[in-house]
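*Asks:* Residues per chain, in single letters:
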Amino acid sequence: MASEAIADKKIGKDKKKESRFIQTFRRLVKNKLALFGLIVILIQLLMAVSAPAIVGYDPLEQNLSETELSVGSEGHWLGTDNYGRDVWSRLVFGARLSLIVGVTSVVIGLIGGIALGLLAGYYKKLDGLIMRFVDLLFAFPGILLAMLIIAMLGTSLVNVVIAISIWSIPGCARIVRGSVLSVKKQEYVLAMKSLGASDRRIILKHILPNCTAPIIVFATMRMATSILSTSALSFLGLGAQPPTPEWGAMIAAGQDFMWSAPHMTIVPGIAIMLVVFAFNVVGDGLRDALDPNMNVDN
Amino acid sequence: MIGLIIRRFFQLVLLLIGISFIVFMSMYLAPGDPASVIGGPTASESDIAAIREDLGLNKPVLVQYFDYMKNVVQGNLGYSFQTNQSVSDAIFTRFPNTLNLAIASMVVAVILGVSAGIISAIKQNSWFDISSTTVALAGISIPNFWLGTMLILLFSVTLGWFPVGGLNAPFYTIEGMKQLILPAITLGTASAAMIARMSRSTMLEVIRADYIRTAKAKGVKQKTVIWVHALRNAMIPVITVIGMNFGALLGGTIITEQVFAINGVGRLMIDAIAARDFPMVQGTVLLVAALFVVVNLIVDIIYSVIDPRISYD
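Sequence lines, in order, name chains A and B.
Residue numbers for the first sequence follow full-length UniProt numbering, so the first one is 1 and each next one is one higher.
Residue numbers for the second sequence follow full-length UniProt numbering, so the first one is 1 and each next one is one higher.
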């Protein structure tokens with residue numbers, strides 16, 4: 001009997017969770033731009049997952065008898081580069097790389113930012129120290145901070161991930177701290193405290209779940225920044241090194257062939273723009289969809 | 001007001017000390033021995049030890065930091081590992097190019113952003129509004145290094161209207177302006193997009209305010225309502241965005257300089273990072289970060305002058 005009641009309660013909880021998720025999703029897809037963004041992200045995800053299956057060539061395979069073929073060429077619908085490598089194959093594998101780098105750097109940045117934000121928001125004693133450190137990181141223009149870290153660690157894609165992760169920490173910490181400061185004054189948190197719940201339990205079970213909305217929006221927008229910054233750093237020669245099929249590095253390589261093979265530069269640039277645009281509009285849409293004050297239905 | 005400026009000034013000094021410490025420690029902790037780099041592959045153990053002694057690398061790290069800061073305050077940022085040139089000289093020779101580029105792109109961003117934002121707000125839901133809002137969103141998403149490359153492809157390589165790169169003529173000459181236009185558009189586009197979005201939303205908010213309705217009811221002309229009553233109030237938050245963007249543009253010059261082969265501080269920094277020329281990296285990063293916080297301080301002060309309701313207490 002008791003176990004059935006618990007099970008019913010659990011199902012009710014799941015339904016509530018599901019309905020909130022569906023409600024947010026329904027609001028999100030009503031926003032046409034966000035819907036477009038979601039479709040683009042889904043396409044990128046599919047490309048990343050099924051990369052080897054949907055391309056006919058190895059992205060690193062050179063064919064010096066078929067160099068600089070233009071868009072629409074037989075067997076290479078997006079043409080080839082100066083080494084005869086298939087641009088479509090490189091684009092697809094680049095999609096995988098940018099997604100991996102974006103997700104990894106955002107997740108690491110979120111872990112650091114959430115931890116600092118929770119500690120700063122919950123413990124007044126730590127607040128000053130942590131937020132001064134955050135202010136210090138904010139004192140650097142983002143790309144400069146990333147470059148400083150790369151200068152320290154050396155040029156490589158892994159170091160770009162580390163640099164962008166560290167760059168994501170201060171923004172996330174500020175957002176989480178702000179949310180914690182408002183949530184911790186809620187009555188249910190005070191009630192948990194008076195019941196003798198441990199700080200760890202209060203922070204992880206009661207405060208963090210109520211800070212998820214701004215974190216989700218931040219993470220989505222941050223994906224756009226991460227992908228853009230990774231490509232920028234690779235373009236500058238500080239990230240992915242040749243012959244890695246990374247979009248920014250592909251643009252850098254195409255610069256010398258702008259006259260004879262402009263598609264080498266144009267194609268990866270459009271890909272970056274579309275994906276960054278997609279994450280930006282989905283982030284915008286999520287902000288509206290997760291905001292209880294916004295009534296998208298009306 | 002004076003109290004605010006003094007308080008902010010002290011905060012700035014602390015922030016600058018923090019920045020210099022982070023920059024110094026980043027290079028101190030970087031793998032590799034500067035003495036071996038300076039000595040080169042042929043240097044013997046004793047040569048390297050002598051260089052280490054000469055540079056003070058045997059001293060405790062905090063002593064090295066204080067020595068470095070003592071020199072920085074006197075305008076000496078050290079010497080390049082690569083060329084042995086004074087870092088301060090290298091930076092200040094190239095700084096005017098960086099500053100010209102940042103200012104020119106700010107001008108582009110303000111002209112494009114504010115005008116597009118205001119027209120969009122006045123003609124809300126018109127074709128201009130819809131297209132400029134979409135272009136603004138695209139403008140934020142476009143990689144500026146790619147935009148620069150496309151502009152070169154179209155206007156320099158294909159049409160031949162502007163030079164492919166370089167910035168060596170004074171900015172007030174026709175040649176200088178021609179050299180600056182494409183880089184300024186490249187760097188200013190993202191800021192223009194942000195300014196346009198901000199101008200549009202604040203202008204829409206102000207247009208719907210009671211005092212604007214009152215002005216209209218009193219029979220004041222539409223133009224006067226917009227330009228005299230609405231614009232002044234709508235511009236307050238926009239000025240902050242403009243100021244904050246100027247700081248960010250200083251960081252953005254790094255990439256644009258590389259695309260257009262402009263000999264500025266950013267390009268100097270990228271070359272130094274690639275060559276692991278630590279004194280040059282330290283000097284350039286320190287300069288750009290210091291400028292960034294100083295510009296942000298000035299923006300804060302201007303903001304509180306324009307809108308006395310703002311308090312930083």
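Any given hint could be a false lead.
[Stated by the list, open to error] Simulated coverage check for chain A against chain B, where a stretch passes if three residues somewhere in it have a Cβ under 8 Å from a Cβ of chain B:
id, region
1, 142-153
2, 187-197
3, 230-236
[To be verified] Listed below are the simulated DSSO-like cross-link pairs for lysine-lysine, each with C-alpha atoms no more than 30 Å apart in a straight line:
id, chain 1, residue 1, chain 2, residue 2
4, B, K59, A, K32
5, A, K32, A, K125
6, A, K125, A, K205
7, A, K30, B, K123
8, B, K59, B, K70
9, A, K125, A, K30
These are computed hints drawn from the structure, not numbers from a lab.
C-beta atoms are modelled at their ideal positions from N, C-alpha and C, and glycine is treated no differently.
*Asks:* For each hint, tell me whether it holds in the structure or not.
*Replies:* Cross-check of the supplied hints:
1. 142-153: holds (count 10)
2. 187-197: As far as the region 187-197 of chain A goes, the hint is violated, because 0 residues have Cβ atoms under 8 Å from chain B.
3. 230-236: Answer holds; 4 residues pass the 8 Å Cβ test.
4. B:K59 x A:K32: Violated, because 62 Å separates the two Cα atoms, which is more than 30 Å.
5. A:K32 x A:K125: Since the Cα atoms of K32 (chain A) and K125 (chain A) sit roughly 46 Å apart, the hinted pair is violated (cutoff 30 Å).
6. A:K125 x A:K205: holds (22 Å)
7. A:K30 x B:K123: The given pair, whose Cα atoms are some 24 Å apart, holds under the 30 Å limit.
8. B:K59 x B:K70: holds (15 Å)
9. A:K125 x A:K30: violated (44 Å)
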